[in-house]
Amino acid sequence: MDRKEALIRYCVTRLALVPLMLWLISSLVFLLLRVAPGDPVDAILGNRANQEAKEALRTKLGLDQTIWHQYLDYLSGLIKGDLGQALTNQEEVSAIISKALPATLELSLFALIIAIIIGFIIGLSGTARPDGKLDLLGRIYGISTYALPPFWAAMIVQLVFAVWLGWLPVGGRFPPSLLQPQGSGFLVLDSLCSRNWAALQGSLRHLLLPASTLGILLSGVFSRILRINLARILQTDFIEAARSRGLKESQVIIRHALPNSLLPVLTIAGITIASLIGGALLIEVTFSWPGIALRLKEAINQRDYPVVQGIVVVIATLVVFISVLIDLLVASIDPRVRY
Amino acid sequence: MGSEPLQLLTSSRSLGKKTLASRLTNWGVVLLSLYVIAALISLLLSNLGVLSQVNNGLDNSIYAAPSFTHWCGTDRLGRDVCLRTFAGSGVALQVVFLAVTLAVVIGVPLGILSGYLGGILDRALILIMDTLYTIPVLLLSVVISFLLGRGIFNAAVAICVVYVPQYFRVVRNQTAQVKSELFVDAAVSMGAGPLWIIRKYLLKNVITSIPVLLTMNAADAVLVLGGLGFLGLGLPEAVPEWGNDLNLALSALPTGIWWTSLFPGFAMFGMVLSLSFVGEGLEVFVDKVNSSETA
Chain E
1 MDRKEALIRY CVTRLALVPL MLWLISSLVF LLLRVAPGDP VDAILGNRAN QEAKEALRTK
61 LGLDQTIWHQ YLDYLSGLIK GDLGQALTNQ EEVSAIISKA LPATLELSLF ALIIAIIIGF
121 IIGLSGTARP DGKLDLLGRI YGISTYALPP FWAAMIVQLV FAVWLGWLPV GGRFPPSLLQ
181 PQGSGFLVLD SLCSRNWAAL QGSLRHLLLP ASTLGILLSG VFSRILRINL ARILQTDFIE
241 AARSRGLKES QVIIRHALPN SLLPVLTIAG ITIASLIGGA LLIEVTFSWP GIALRLKEAI
301 NQRDYPVVQG IVVVIATLVV FISVLIDLLV ASIDPRVRY
Chain S
1001 MGSEPLQLLT SSRSLGKKTL ASRLTNWGVV LLSLYVIAAL ISLLLSNLGV LSQVNNGLDN
1061 SIYAAPSFTH WCGTDRLGRD VCLRTFAGSG VALQVVFLAV TLAVVIGVPL GILSGYLGGI
1121 LDRALILIMD TLYTIPVLLL SVVISFLLGR GIFNAAVAIC VVYVPQYFRV VRNQTAQVKS
1181 ELFVDAAVSM GAGPLWIIRK YLLKNVITSI PVLLTMNAAD AVLVLGGLGF LGLGLPEAVP
1241 EWGNDLNLAL SALPTGIWWT SLFPGFAMFG MVLSLSFVGE GLEVFVDKVN SSETA
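Going down the list, the protein sequences come from chains E and S.
According to the numbering used here, the residues represented by the first sequence are 1 to 339, in order.
According to the numbering used here, the residues represented by the second sequence are 1001 to 1295, in order.
Just so you know, these hints were derived from the structure itself, not from any lab.
Check before you lean on any hint, since a few could be wrong.
[What the hints assert, rightly or not] Chain S stretches covered by chain E per the calculated footprint, using a threshold of three residues with CB under 8 Å from any CB of chain E:
#1 1033 to 1039
#2 1164 to 1172
#3 1219 to 1232
#4 1267 to 1274
[Unchecked claim] Here are the in silico distance ranges between beta carbons for each label pair:
#5 E/Cys11 with S/Asn1055: 56 to 64 Å
#6 S/Gly1078 with E/Leu263: 32 to 40 Å
#7 E/Glu249 with S/Gly1149: 40 to 48 Å
#8 E/Asp73 with S/Thr1208: 16 to 24 Å
#9 S/Glu1237 with E/Ala53: 48 to 56 Å
#10 S/Asn1055 with E/Lys60: 19 to 27 Å
#11 S/Glu1237 with E/Ala16: 17 to 25 Å
#12 E/Leu105 with S/Asn1173: 43 to 51 Å
Predicted model, so just to flag it, every value in this text is computed and none were measured.
Beta carbons are placed, not taken as given, at the ideal position from N, Cα and C, and that holds for glycine.
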């Protein structure tokens, strides 16, 4: 009927909101960094820096101009993809970010796959007998993975598997003795494309610890959401009908309940993970994985103001895109979503 | 015939749920009070001179393994890890309490105002809060903490910004919902002012939903504070904070020095866990109270 039209209209309105949200986020970051109490020049140089150095930096950052002028400069730069220059080495901030981003995406992607697999196993195993031993263990697993500080969990994993057992490398992304394959910046993909098996093995070995740590930490969210939604759907009439037809409980869960609980899982997990990833990515720091969180830490230590600003805007933009993408995906799959 | 065993099953199920939730809450409360006691005792003993001050390490050897004199070893400045971990508990509790209180104090009135007045103000506030909500938790705190510099109050401000939108959202929706009820119209037509309506019809609804959110957020805030410290932001250098201690421990980890990492992180894990347990229990309790009221 009109379903297709309604869907298209929904997608268009949702997409139309994206620029508005991006504008709000970038304005908010600007506002927070400029209008909030505290002088960025003091933040960078410290209170005891001499007046000349302060003035020079102020001119360099464009802070001597009016706030409106600064704001318009910043926005027009953003539209052109210009995020300014790093204070420490004059490198373009956009270049710094595009160098670090593939590492972060590669890590997140592998972690997500691990999280989905473990989350589903744990979430499903509990539902067969609610409040049974498996279910309780699963719930405790969910709370515990949430309560673990990601960077600390990573430190302990690193200590056990890399330092004590020596099975895997302590940190980094690639064995320093090998030549890094060039291309997309996704090392696993690049090694595969160039059929460089030694490089593939090296990058996978470096990836294994960080990705499984992050994956295990995120799997708790998945199992928790899956459990809640499965429990709700198992109360509905059509499940009762399927049971009364004499289907086995495992079939009822896998064939009837699971497909119907996937959409809410997709929605909530997408949002949760997008926002979680900010904190969870701190494990990059632990494993000195050269991604965006490690770069953010360096920028904070060097008080490199434009880099901090750029990274925050880029990550927030990514999160907005992910959440819109998930909304559109859910809307196109689920006939009940309408606006 | 079929309904009786079924009912028995459901009642035993709900019984099992209750005991799990209340058991978790009990564990959480016990653990949490242990943290408070640890913080108080270490502060007291340090000030009495029985134990050394948290930042004193010049007399000790650096990176000493756990022994009888230093139960959890010493860090790279010779400071006692055990003492710092204990003292960190008090620091974390203070900052988190301050941050969450700030979030309530800002978020709740804004939510009531927005939901009660409606109109352009309402829409603008919703848009701003939703945008704040989309920015990943830690990033927002990083930006503010980066700018404000280190300090207990600054850290609390940086953390509270993350949670303001949550209180705003809950309170705003409840306010808007209650405001459209018929009995509010009746009260208005009988001459009740907005303050009276807010006090009489809104606050009770709002108050029941806040404790759960508050404990959950407190649990989360411990992690955010730790994350800030780990990035080298947050509290001043002299304040013993778990995240910052872990940041310092990281460089020694590849050489196999485990005690500087294990203890502060484990303490952080335990505090988040105990706060989450209390939150879970409270949630079940509030649900029960609400459902028995509607029944």
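Hint check results:
Given a C-beta distance limit of less than 8 Å, the hint that chain E covers the region 1033 to 1039 of chain S is violated, as 0 residues qualify and 3 are needed. Given as covered by chain E, the region 1164 to 1172 of chain S fails the check, having 0 residues with a CB less than 8 Å from a CB of that chain where 3 are the minimum. A count of 8 residues in the region 1219 to 1232 of chain S with a Cβ less than 8 Å from any Cβ of chain E is obtained; the coverage claim is therefore met, three being the minimum. Closer than 8 Å: that is the beta-carbon criterion, and the region 1267 to 1274 of chain S has 4 residues meeting it against chain E, so the requirement of 3 holds.
Taking 56 to 64 Å as the suggested C-beta distance range, the pair cysteine 11 of chain E and asparagine 1055 of chain S conforms, at roughly 58 Å. Checked against the given bound of 32 to 40 Å, the beta carbons of glycine 1078 of chain S and leucine 263 of chain E, roughly 56 Å apart, lie outside it. Look at glutamate 249 of chain E against glycine 1149 of chain S: about 58 Å separates their beta carbons, and that is not inside 40 to 48 Å. With their beta carbons about 49 Å apart, aspartate 73 of chain E and threonine 1208 of chain S fall outside the hinted range of 16 to 24 Å.
Remark: the range hint 48 to 56 Å for glutamate 1237 of chain S to alanine 53 of chain E is contradicted by a beta-carbon distance near 23 Å. Between asparagine 1055 of chain S and lysine 60 of chain E, the C-beta spacing of about 37 Å breaks the proposed range 19 to 27 Å. Between glutamate 1237 of chain S and alanine 16 of chain E the CB atoms are about 48 Å apart, so this pair departs from the stated range of 17 to 25 Å. Our hint of 43 to 51 Å for leucine 105 of chain E and asparagine 1173 of chain S is violated, since their Cβ atoms are close to 35 Å apart.
Comparing the model with each earlier hint shows violations of hints 1, 2, 6, 7, 8, 9, 10, 11, 12; every other hint is respected.
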